[in-house]
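Asks: Let's have the full structure, built from the sequences with the hints guiding it.
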Amino acid sequence: MAAFGRLISRLFSREPSGKPGEWYYCLRHRRVEEGPDCPAKDRMGPYPGRTEAEHAMDLARERNERWRNDPRWSDDRDQDRDGEPGPGGGT
1 MAAFGRLISR LFSREPSGKP GEWYYCLRHR RVEEGPDCPA KDRMGPYPGR TEAEHAMDLA
61 RERNERWRND PRWSDDRDQD RDGEPGPGGG T
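In this text, residue positions in the sequence shown follow the UniProt record's numbering: the first is 1, and each later residue adds one.
Misleading hints may appear alongside valid ones.
[Said to hold, decoys possible] Restraint-style ranges between C-beta atoms, simulated for each label pair:
no.: 1; residue 1: His-29; residue 2: Arg-61; range: 16 to 24 Å
no.: 2; residue 1: Ala-2; residue 2: Arg-68; range: 31 to 39 Å
no.: 3; residue 1: Arg-30; residue 2: Ser-74; range: 29 to 37 Å
no.: 4; residue 1: Arg-30; residue 2: Arg-68; range: 35 to 43 Å
no.: 5; residue 1: Arg-28; residue 2: His-55; range: 28 to 36 Å
no.: 6; residue 1: Arg-72; residue 2: Ala-2; range: 30 to 38 Å
Rather than coming from a laboratory, the hints here were simulated on the basis of the structure. Ideal Cβ placement from N, Cα and C applies to all residues, glycine included.
Replies: Set out below in structure tokens:
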């Protein structure tokens, strides 16, 4: 549990995070950054290279679209995961 607490603390820290050679996309500055420039709370990554970090927003958009269309993540309360009517009734 202590490790989880440290992880959460690092994620929401206001201190710069990252190491040289790690690439991030900074949401605050809307640019690719290498190493410890901005706090983790403002960044996506790390990515294996600069090119991947440059496409961070595209990747996030694609993943969000897949999740939106994935029936396992549907907010449709009328059916459960098996397609059967759920507790709320349904047709």
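Asks: Now tell me, hint by hint, if it's right for this structure.
Replies: Here is what the structure says about each hint:
The hint said 16 to 24 Å for the Cβ distance between His-29 and Arg-61, and at roughly 19 Å that hint holds. In this structure the supplied range 31 to 39 Å holds for Ala-2 paired with Arg-68, their Cβ-Cβ distance being about 36 Å. A C-beta distance of roughly 32 Å is found between Arg-30 and Ser-74, which places it inside the suggested range of 29 to 37 Å. A hinted range of 35 to 43 Å for the beta carbons of Arg-30 and Arg-68 is inconsistent with their spacing of about 23 Å.
Checking the proposed 28 to 36 Å range against Arg-28 and His-55 shows it is violated: the Cβ atoms sit about 18 Å from each other. A hinted range of 30 to 38 Å holds for the C-beta pair Arg-72 and Ala-2, which are about 32 Å apart.
Of the hints listed earlier, those the structure fails to meet are numbers 4, 5, in rising order.
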